[in-house]
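Chains as they are written, first to last, in our numbering: chain A, 1 to 246; chain B, 247 to 475.
The reader is advised that the hints may include incorrect statements.
Unchecked claim - Part of the chain A face toward chain B, derived, beta carbon under 10 Å:
hint : residue
1    : Ile-76
2    : Asp-77
3    : Phe-90
4    : Val-109
It should be emphasised that the hints constitute simulated quantities derived from the structure, not laboratory data.
A virtual CB, placed ideally from N, CA and C, is assigned to each residue, including glycine.
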Amino acid sequence: MTQPLIQMQNVDKFFGSFQALKNINLEVHKGERIVVCGPSGSGKSTMIRCINRLEKHNSGKILIGGRELTDSEKDIDAVRREVGMVFQSFNLFPHMTVLRNLMLAPQLVRKNNKSKAKEIAMKYLERVKIPDQANKYPSQLSGGQQQRVAIARALCMSPEILLFDEPTSALDPEMINEVLEVMEDLANEGMTMICVTHEMGFARSVADRVIFMDLGEIVEEASPQEFFENPKNERTKLFLSQILSH
Amino acid sequence: MSFDITLILDSLPKMLSGIGLTFQLLILSGVLGLLLAFVLLLMRLTEKWYFSVPAQVFIYVFRGTPILVQIFIIYYGLPQFEAIRESIFWPILREPFGCAILALTLNTGAYVSEILRGAVLAVDRGLLEAGSALGLSRNQRFIYITSPLAIRLGIPPYSNDVISLLKSTALASTITIFDMMGIARTIVAETYAPYEIFISLAIIYMIFTFFIQKGFGYFENFMSRHVKK
Ligand SMILES: Nc1ncnc2c1ncn2[C@@H]1O[C@H](COP(=O)(O)OP(=O)(O)O)[C@@H](O)[C@H]1O
Ligand SMILES: [Mg+2]
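Sequences are here, hints too, so could you generate the full structure?
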């Protein structure tokens with residue numbers, strides 16, 4: 001098999017004296033779709049935020065596409081160009097129209113000219129099925145539309161990897177599906193993705209692997225089928241019984 | 247006590263002839279103060295102590311002392327130093343106007359830099375993380391994300407500072423500057439009618455304050471256009 005796109009080796013992360021990640025080992029290959037779940041505070045966000053260096057790990061190694069994440073700004077920039085991220089709270093730039101939100105990074109980071117950046121932006125707005133909202137401000141869109149814009153914004157950089165941090169948790173129930181559909185499309189097109197989510201239907205239908213975290217550790221890692229039907233760890237069982245009873 | 251209307255009508259044009267100086271004081275020290283505030287802000291935002299500590303000390307000193315004391319120190323105090331008298335700043339510091347501008351600039355610069363810093367720190371961190379995740383550099387994030395949002399957040403407190411600055415310009419009259427306040431004081435000295443003169447003057451300042459507030463109100467609406475509808 002080829003070299004993994006993401007390698008985390010014995011990664012620890014501390015916030016002060018509190019250990020948020022304990023000896024994390026994870027490999028993700030190109031085209032793999034990983035779902036991460038676990039109780040609140042278990043370190044899911046921290047783990048994926050280490051992948052694009054929004055958090056700095058304290059020990060162990062993280063390699064993205066073979067490039068190790070260190071303090072080197074150059075390496076961090078290079079990694080961030082290839083890793084897109086979608087946040088729970090969308091984080092669209094409120095003072096820019098949807099179109100400018102999408103054009104910003106292609107222009108500044110990829111150095112595309114304006115018309116090229118606009119072409120890219122429109123292409124991905126069509127992908128997420130809201131080209132008609134291009135000239136609105138984020139506050140004028142529904143939550144579901146905002147999150148789709150945020151996905152399109154990440155896609156405009158043509159990332160190798162997409163990270164999702166509970167992308168549907170802030171949405172009203174009736175808007176969750178429109179976002180999940182976009183994510184499923186991406187998964188089916190072969191995008192490498194790591195999704196922190198509690199949408200178990202999504203995990204079942206698209207994940208190659210489900211990772212369960214608790215107290216900063218990866219407790220269980222299995223195929224969705226195994227994970228849901230035959231969980232090994234007691235903590236996984238407890239978590240599943242809680243989440244599936246809803 | 248009677249209220250002498252003709253005296254007011256006579257003095258109004260005289261006081262208004264000082265409007266030019268009042269506005270020169272306001273605008274020159276306002277603009278220079280804003281530049282200074284920006285420099286102080288950048289000094290404070292760096293993680294280098296040799297930039298941030300001097301800025302902090304400067305801000306502490308100028309916010310912690312009365313502006314009238316600052317004006318007097320600059321006007322009466324600085325010329326005692328030979329080094330100042332021989333420096334290239336002497337042509338400015340020799341004139342009361344230069345001293346007033348300097349004092350007002352330093353003072354408003356200290357205040358405004360704190361306003362800017364508050365606004366910068368109030369920008370949603372998640373937006374900056376989104377910028378980082380997209381690969382924007384620190385400077386790009388500051389220019390395209392932090393600044394426009396901080397400007398919007400800083401407008402209301404900043405407009406308050408401009409209004410205080412307008413009122414502080416009246417202190418320049420204590421060092422022989424004939425702005426509106428300076429003229430009003432001479433009229434009072436001649437007519438012994440402080441009541442009429444100072445009330446009219448107060449109304450003039452209030453009218454300007456009104457327009458400054460309105461102006462910033464429009465600016466704020468313009469900068470918040472994305473929040474509307
Ligand atoms: N910036 C931070 N400073 C201090 N503690 C933090 C910080 N970020 C997260 N934590 C702590 O680390 C733990 C894991 O957080 P997080 O990764 O956000 O969990 P999850 O995403 O699984 O809910 C939590 O206990 C949280 O309180
Ligand atoms: Mg989280």
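Q: Let me know if the C-beta of Ile-76 of chain A comes in closer than 10 Å to any C-beta of chain B, holds or violated.
A: For Ile-76 of chain A, the interface hint holds, since the closest Cβ of chain B sits about 9 Å away, which is under 10 Å.
Q) Do the numbers back the hint for Asp-77 of chain A, that is, is its least Cβ distance to chain B under 10 Å? A) Holds, about 6 Å.
Q. Given Val-109 of chain A as an interface hint, is the shortest Cβ-Cβ distance to chain B below 10 Å?
A. Hint on Val-109 of chain A: holds, closest Cβ of chain B at ~4 Å, below 10 Å.
Q.
Does Phe-90 of chain A hold up as a contact with chain B if the rule is Cβ-Cβ below 10 Å?
A. 8 Å, holds
The structure meets every hint from the earlier list without exception.
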